[in-house]
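Generate coordinates for the entire structure from the input sequences, incorporating the hints supplied.
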Amino acid sequence: MSQTKRKPTSAAVDTGETLPDLAELCRIHEIGLDLIDRSHDLDELLDRVLEEYQSRLAALPSDALDPRSGAPQPESLRKLRGLVMFATQAAALKEKAVAALELKRRATMLEATNARLDGVLSALSSGVMIFDATGACLKANEAARRLAGTKDDAALARLIESGVPHDGEAEIELPDDGGGRRVVLVSRRAMAGDPGSAVVLLTDITQRSHAVEERVRLEKLAGVLKTLSVLSHKINNPLTALLGRAQILQSQQSADPRVAKAAAVIEESSTRIAELIRELAQVVREGRQESVDDLLDMSTTSGTTGSAR
Amino acid sequence: MNVDVVRQGTAWRLSVRGCEAIDCANAHLVKAEALRLLGNASDIVVDLRGVEFLDSAGVGVLVGLFKHARLRGGRARFCGLTPGVRTVLELIQLDRIFEIVDDAEAAVRS
Numbered sequence: 003m004s005q006t007k008r009k010p011t012s013a014a015v016d017t018g019e020t021l022p023d024l025a026e027l028c029r030i031h032e033i034g035l036d037l038i039d040r041s042h043d044l045d046e047l048l049d050r051v052l053e054e055y056q057s058r059l060a061a062l063p064s065d066a067l068d069p070r071s072g073a074p075q076p077e078s079l080r081k082l083r084g085l086v087m088f089a090t091q092a093a094a095l096k097e098k099a100v101a102a103l104e105l106k107r108r109a110t111m112l113e114a115t116n117a118r119l120d121g122v123l124s125a126l127s128s129g130v131m132i133f134d135a136t137g138a139c140l141k142a143n144e145a146a147r148r149l150a151g152t153k154d155d156a157a158l159a160r161l162i163e164s165g166v167p168h169d170g171e172a173e174i175e176l177p178d179d180g181g182g183r184r185v186v187l188v189s190r191r192a193m194a195g196d197p198g199s200a201v202v203l204l205t206d207i208t209q210r211s212h213a214v215e216e217r218v219r220l221e222k223l224a225g226v227l228k229t230l231s232v233l234s235h236k237i238n239n240p241l242t243a244l245l246g247r248a249q250i251l252q253s254q255q256s257a258d259p260r261v262a263k264a265a266a267v268i269e270e271s272s273t274r275i276a277e278l279i280r281e282l283a284q285v286v287r288e289g290r291q292e293s294v295d296d297l298l299d300m301s302t303t304s305g306t307t308g309s310a311r
Numbered sequence: 009m010n011v012d013v014v015r016q017g018t019a020w021r022l023s024v025r026g027c028e029a030i031d032c033a034n035a036h037l038v039k040a041e042a043l044r045l046l047g048n049a050s051d052i053v054v055d056l057r058g059v060e061f062l063d064s065a066g067v068g069v070l071v072g073l074f075k076h077a078r079l080r081g082g083r084a085r086f087c088g089l090t091p092g093v094r095t096v097l098e099l100i101q102l103d104r105i106f107e108i109v110d111d112a113e114a115a116v117r118s
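Read top to bottom, the protein sequences are chains X and V. Under this note's numbering, the first residue of the first sequence is numbered 3, with each subsequent residue one higher. Under this note's numbering, the first residue of the second sequence is numbered 9, with each subsequent residue one higher.
Hints may contain errors.
DSBU-like cross-link-like pairs, simulated, lysine-lysine; straight-line CA separation at most 30 Å [as the list claims (entries may be wrong)]: (1) V/K75 with X/K106; (2) X/K222 with X/K236; (3) X/K153 with X/K141; (4) X/K96 with V/K75; (5) X/K141 with X/K98; (6) V/K75 with X/K98; (7) X/K96 with X/K106; (8) X/K106 with X/K141.
None of these hints come from the bench; they were simulated from the model.
Dropping the structure here:
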């Protein structure tokens, strides 16, 4: 059997020509994996990229990029192709690393901003709570939890939802640490740029509420004192006349003894009334609730005594 | 061929004059002179006006300047790219690695 020399087929030629490309592809793939490993650190990535770049540039024949040399040789083209493939991968990874670095920078800034916000919220004596659109509490400072008197955010959210109008405010009574009640002014405002979310401000107005009650009491006391002042003045004039006439009747020797006795009772009672009016005047001058209470107490006692007589 | 380095603000502006190409014939001279003049400068603006062509050796010079700045904790920016230089940098994707600016004056101010 004669052996004939086989002519290389075009496939064999192609295979022979592409093997270096295949090796280059594998090499670039290997470098690509290395770059991906380093892509979490932009500096490290760039160092590796530049190192590989320099190595490839040094191995690149001068005609590969120089149009003055005419058409590049196949070997030059192969190396240039390898450089471009590597560079494309490297550039894409570099851009991702830059984006990741920017994201990290912004995340760090955001964390710092959040920490500052938490610091500000902690320093506030008023309570601040932030609710999302579903009613879940996203943030609450210490004062809010103290004023709310509960760690149950959901229960508090329900209380606010039912008791405080949107973009309005309401006074709510909540339990305090001592077993008593505190009055809390709760203001609810929509969060700009975040539909459905709300920021809630809680302010303890228990003291303010007491102050309002005290002011109302003092206003009432002032009214009572004014009335007493007017009454004592108006009673005093006819009383003086009454007392004077009783004294005249007693001084008349010819008067009927019964009249004289009645005049004496009138004089005594008038004198007593006059004393009461002086005490009233004293109470008005002092302007104290205790004085009014003492006077009323004394009057009741006197009245009882008088009835017994 | 002449390499100038001038300080402008915090940046050092490096200009290559008197040569249309940075190639294997002069790349080693350009690189050596540039690095000598830059010393420890870390903020570099490389002005490539007047350079019409780069071959692989010329590209190597730019990569070397880029590394020089990075090694010193700074940065290198490239400006004044002619169409020929831009084409080469785009072909080998270095335009995506390097920081390329259009205006040298703005670059030294930023």
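Broken hints, by number = Going through the list in order, the structure violates hint 5 alone and respects the others.
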